[in-house]
Structures are given as C-alpha cells and as structure tokens.
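Protein chains: 2
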Amino acid sequence: MLSLQDTLKIINREIQAIQYPKTPAGLYEPIAYLLTMKGKKLRPAFTLLACNLYRDDVEAAICPALAWEIFHNFTLMHDDVMDKAELRRGQPTVHKKWNENTAVLSGDAMLILSYTFMAKSLAGNIKPLLDLFSMTATEICEGQQYDMEFERRPDVSEQEYIEMIRLKTAVMFGACLRSGAIIGGANEADGQNLYDFGIYLGIAFQIKDDLLDVYGNPDVFGKETGRDILCNKKTYLLISALNSADITDKAELLKWLACNDRPEEKIVAVRSLYDKLAIPEKTDETIRIFYKKALTALQAVSVDENRKKVLKNIAEKLMEREL
Amino acid sequence: MLSLQDTLKIINREIQAIQYPKTPAGLYEPIAYLLTMKGKKLRPAFTLLACNLYRDDVEAAICPALAWEIFHNFTLMHDDVMDKAELRRGQPTVHKKWNENTAVLSGDAMLILSYTFMAKSLAGNIKPLLDLFSMTATEICEGQQYDMEFERRPDVSEQEYIEMIRLKTAVMFGACLRSGAIIGGANEADGQNLYDFGIYLGIAFQIKDDLLDVYGNPDVFGKETGRDILCNKKTYLLISALNSADITDKAELLKWLACNDRPEEKIVAVRSLYDKLAIPEKTDETIRIFYKKALTALQAVSVDENRKKVLKNIAEKLMEREL
Numbered sequence: 027m028l029s030l031q032d033t034l035k036i037i038n039r040e041i042q043a044i045q046y047p048k049t050p051a052g053l054y055e056p057i058a059y060l061l062t063m064k065g066k067k068l069r070p071a072f073t074l075l076a077c078n079l080y081r082d083d084v085e086a087a088i089c090p091a092l093a094w095e096i097f098h099n100f101t102l103m104h105d106d107v108m109d110k111a112e113l114r115r116g117q118p119t120v121h122k123k124w125n126e127n128t129a130v131l132s133g134d135a136m137l138i139l140s141y142t143f144m145a146k147s148l149a150g151n152i153k154p155l156l157d158l159f160s161m162t163a164t165e166i167c168e169g170q171q172y173d174m175e176f177e178r179r180p181d182v183s184e185q186e187y188i189e190m191i192r193l194k195t196a197v198m199f200g201a202c203l204r205s206g207a208i209i210g211g212a213n214e215a216d217g218q219n220l221y222d223f224g225i226y227l228g229i230a231f232q233i234k235d236d237l238l239d240v241y242g243n244p245d246v247f248g249k250e251t252g253r254d255i256l257c258n259k260k261t262y263l264l265i266s267a268l269n270s271a272d273i274t275d276k277a278e279l280l281k282w283l284a285c286n287d288r289p290e291e292k293i294v295a296v297r298s299l300y301d302k303l304a305i306p307e308k309t310d311e312t313i314r315i316f317y318k319k320a321l322t323a324l325q326a327v328s329v330d331e332n333r334k335k336v337l338k339n340i341a342e343k344l345m346e347r348e349l
Numbered sequence: 027m028l029s030l031q032d033t034l035k036i037i038n039r040e041i042q043a044i045q046y047p048k049t050p051a052g053l054y055e056p057i058a059y060l061l062t063m064k065g066k067k068l069r070p071a072f073t074l075l076a077c078n079l080y081r082d083d084v085e086a087a088i089c090p091a092l093a094w095e096i097f098h099n100f101t102l103m104h105d106d107v108m109d110k111a112e113l114r115r116g117q118p119t120v121h122k123k124w125n126e127n128t129a130v131l132s133g134d135a136m137l138i139l140s141y142t143f144m145a146k147s148l149a150g151n152i153k154p155l156l157d158l159f160s161m162t163a164t165e166i167c168e169g170q171q172y173d174m175e176f177e178r179r180p181d182v183s184e185q186e187y188i189e190m191i192r193l194k195t196a197v198m199f200g201a202c203l204r205s206g207a208i209i210g211g212a213n214e215a216d217g218q219n220l221y222d223f224g225i226y227l228g229i230a231f232q233i234k235d236d237l238l239d240v241y242g243n244p245d246v247f248g249k250e251t252g253r254d255i256l257c258n259k260k261t262y263l264l265i266s267a268l269n270s271a272d273i274t275d276k277a278e279l280l281k282w283l284a285c286n287d288r289p290e291e292k293i294v295a296v297r298s299l300y301d302k303l304a305i306p307e308k309t310d311e312t313i314r315i316f317y318k319k320a321l322t323a324l325q326a327v328s329v330d331e332n333r334k335k336v337l338k339n340i341a342e343k344l345m346e347r348e349l
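Residue numbers (this note's numbering), protein chains in the order written: chain A, 27 to 349; chain B, 27 to 349.
Just so you know, these hints were derived from the structure itself, not from any lab. Any given hint might turn out to be false.
Copies of the same chain are indistinguishable here, so a pair counts whether it falls within one copy or spans any two.
Said to hold, decoys possible - Below, computed lysine-lysine pairings styled on DSSO-like, alpha-carbon distance capped at 30 Å:
#	residue 1	residue 2
1	Lys122	Lys259
2	Lys123	Lys110
3	Lys259	Lys123
4	Lys259	Lys48
5	Lys48	Lys318
6	Lys318	Lys146
Assemble the whole structure, with the sequences as input and the hints as a guide.
So this is what it looks like as structure tokens:
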C-alpha cells in the first residue's frame, strides 16, 4: 500500500520526466515553469491513492493522474489572467513573467496536453475516463464563470456560493478520486462514494481556505491573512456576513468594502464585524457539516478500513491545514 | 454519394441542434454566437466527404466533423483576443461583444466541448481519432505561437513561413480529411494521402488568401483588400519582398512599414513595390506548386475517380476562390 509520500514521489518524478518539444520554446517553457513549481500535488495523489484501494500496481493510473495535475495548472494559468493575479505560489504568474497572449496560448496547449495524458490510460477505460474528464472540465469552467459573475452581484446566497465552489474546486477532487477508482476496477457504487468524498471534502477545504484567509496563522497557512478582505472577494464569510447583518452592520460592512486606501484598518474592521456577527463560528459549523459528509461517503466505500486510512488522514490534515 | 451542399446541410442542421446548458448563460452564449455565424464550414465538410469516399452512411462521422468545427471556432475566439481583432465574419468578435475574460473562458469551454464531440465517435476508432485530434490541436497552437513570434522578427524566411501556415492552417485541413478516412475504414496509405492532400491544399489556400488580400476583387473575395498591408502582417508576399528586394527597394519597403498615418498611399506604394519585385507572379507560382502536390496526393487515394470528384471540385473552387 502506498503512502501519500510514496505517491508524491511518483508524481514529482513523472512531472520532471515530461518531454516537451524543443520548439517553439515560447509555447512550452511557460508550461514547464508552472508545472514544476512547488505545489501540493494533491489531485494526482488522489487518483493514485484511489486506484491503490483496489490494486497494488498503480502504473496504469499515472498518466491520468498527471492529466489532472496538468489540467489543474492550466486552470491556474488562465484564471490568473482573468483575475489579473501577479503571484502564484510566490512566483510571478505566467502572464506577468511573459505576457497575456503567452498565458492564453500556453494554457490552451496545456489543456490539450492534459487530454493526451488522459487518453494514454490503458484501452478499455478510455471512454468513461474521458467522459468524466470532459464533464468535470466543463463544470470547472462553469464554476469560474459563476465566480466572476458573483464579484459583480450584491445578492449571492450561501447556497449559490457553495454550488460555485462545488463546480470550481470540489468536482476536481471528486473526479480525481473517481478516475483512480475506475482504473483500479472499483464498482460503480464505490466510484460514486469516492466521488462524493471528494466533493464534500473539496467544499469543506475551500470554505476552510476562506476562513484561514481571515483568521489563519500566516506561519502555518503559508500566506498573509486579509488578502480576500482587501480585494472584496466574495467568500463564504463575506456572503454570510452580508446576508446575516442587520441594517446598521450591513451599512458599516458596505462602507468598508468601498474603502480602498486604508488596508490595515480595513482588515481589522471587517474582521471585527465578522466576529460580532459570529461568522467564524457559523463558518466552522458549515465546514464541519461537509467534512462529516465526506467521512460518511468514505466509510461507505467497500474496501477494508485499513486501506482507506491514507485518504482519511489526508482529509484530517486538510482540515487541520497541515497540508 | 454526397455533394458538398448535402454535407453543408447536415453540418448546419447539427450545429443548430447542439444543446447548451441553460446556465451560466455568460459561458455558453458566446459559443453559440460564434458557432452559428455564417462560415464556410469547410473543415467538417472534409470529414464527412472523406468518410463518404468509403461508405455511403456518414452518420458515424458527424460528431467528429462537428468537433473540428467547434475546435476551429475555439481557435478563432482565442486568436481574436491575441490579435486584438474587432470583427469576425463582419460581426463583433466575442471579446468585443462581451469582454476578454469571457472570450478566454468560453474559448476554454469550447475546446473541451470539441473533445466531447470527438469522443462521441463510435468505439473502436476513439483512440486513433483522439490522438490525431490532440496532435493536430497542439500543432495549431505551435503555428499560432510562430505567427506571433514572426511579427516581431525581421528575418523570417519563406520556408519558415510555409512551415508556420502548415501548422496554423494546413494540418487541420489534413486531419479533418484523415479522421473521416479513419471512420470510413480507409487503409493507412489512403489516410496519409488524404492528409497530404489537405496539407498541400491548406498551404496553397493560405498563400492564395495572402495574395487576394492585396490583389483580390473585394466583391469576390468578400473582404476589403489591403488590410494585411495596413497592419504590416508578415504574409508570404511581404516576406518574399523583404527577402528579394535590393537595398534601395528594401529601404523603401521598410519606410512604408513604419508609416501608419497614410493608409491609402501605403497600400498603393507597397502594392507597386510588390509589382516591381514580381511578387504576385512568384506567389502564384508557389500556390501552383502546392496545388499540384495536393492533386497528386488525391490522385494516389485508392478510390474510384468518380467518388473523388467532390474533393477535387472543392480544391478547384478554393483556388479560383469561389468558396
């Protein structure tokens, strides 16, 4: 049985081994740049570990696992263009280091590359894997579209937000696991339960991310806190606050949303409004609900409990944010 | 046996019948907008007609044919962003009608959609079709990358230019035909010959396009002439002129390339430099060479001459530019 460390070793080795055409360098260098940055590599690990629930040899799952990692990085490359982000994992984003056209075109080549890796899976599985891949990829585009639309809408509900992060973040967790299950030869019910585990864990993970951006310890979280507050990002916390505040608190919150010139005061003020409205407690409760659903789905997977421990540990660590 | 008109009727009917999810409308409306614009629909026609060389029922080739048309339109959506083009087939481009983020994201969804259509081909063929699709899609990205790089390079050779248009334009012609041949059950040699027919025809077609942009009759060509001259586009004509001019003519040409404020004079001046350097004759000769290679490749296809007439007629019409 593979540990998370074992799978990460395989994935990092295989990513390093990807051979790109020598020319045009301007197309392929940005792909290698983004793919070889330090990252959690959680998604391809899910594929290998889900496969490993059913068979010891995960060789057949390696290319599909890489496909997910390449696809994930394609979404980062294009999302960073759309969000005008300057840094990714502490390094300049592709459109900053090169330019926007490069980020668009190398991203396109990366999406195509992800399909070539998915299609390298052993014959027999190719059709269900590709269908799952395309369905998931489409949903992720839908999630990004909703995310952009929400930034311009004052009236987003918690439910709409959760549906958005389900599409933008959670379906990839679910599909990475499900594809591993397909390759491992799991039955349909197990595939669905692993998918659900990924979905619920992905939602819990994203809301936790929103929470840590306001309340996290930067040394543990790995990022400065307050960034979402400064750019008025429609997070679970902001949406909950807007929807639960009385007229006075809402006016105060909107006043701070309109303020762009006092960053430190803004973070403190919005954070204390969140505290007053018990947003951290409410957010924690929502995370707990989805985390519990994730564990219930994992429990239903018809595999010896011992074999599921790796996935359960990952879920725990994601919640404690040691990962 | 299907005529070109028959195939276009099928393709237009099937494009109209594509069902998009209702939401998010902001993601799917731009896709439908671009796909339902008037266009030649030559690429999907190639797929159906190549299949029809080998079997009367082309049903199995319809989804792959649509995949090519969707993919082609995806490249237009993203290329228009990269080229900052304002019009496409006389209508506002997607990034003008909506915005750049929409064009990037809807384009991504369109690329994914093209894969779902290609994967809808009947099982058995799926692996070679997807491999051909991904290889071609990657080459088209490489072609676009070279095209952008050439705009900043003063020293592009005719040979480099032809390689660029092979990648950017011709491989799709070739691959559309080859995929139809695969579905029709053609042998490997026929697949290769149809691919070569498409490659050579695609190169001839693009160089003809360059020629018509300077010398065409706008009523027949369907576009104003002189647009490439005004934006200093590195066409076959400009590259040939730069490479064959003596020091005086080259200085004159470079002077006009640097001039941006006298459009009508610029067109007349560059055109007469082309005339002086016998560029139209040289270009015509190059087109003739590739057109002849295309016909030779088509001739080698082991199918009754009568069945090949539709493809031969399309090639002729493309050269006379009645298509």
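Practice task
Taking the numbered hints from earlier one at a time, note which ones the structure violates and give those numbers from smallest to largest.
Solution key: 5, 6
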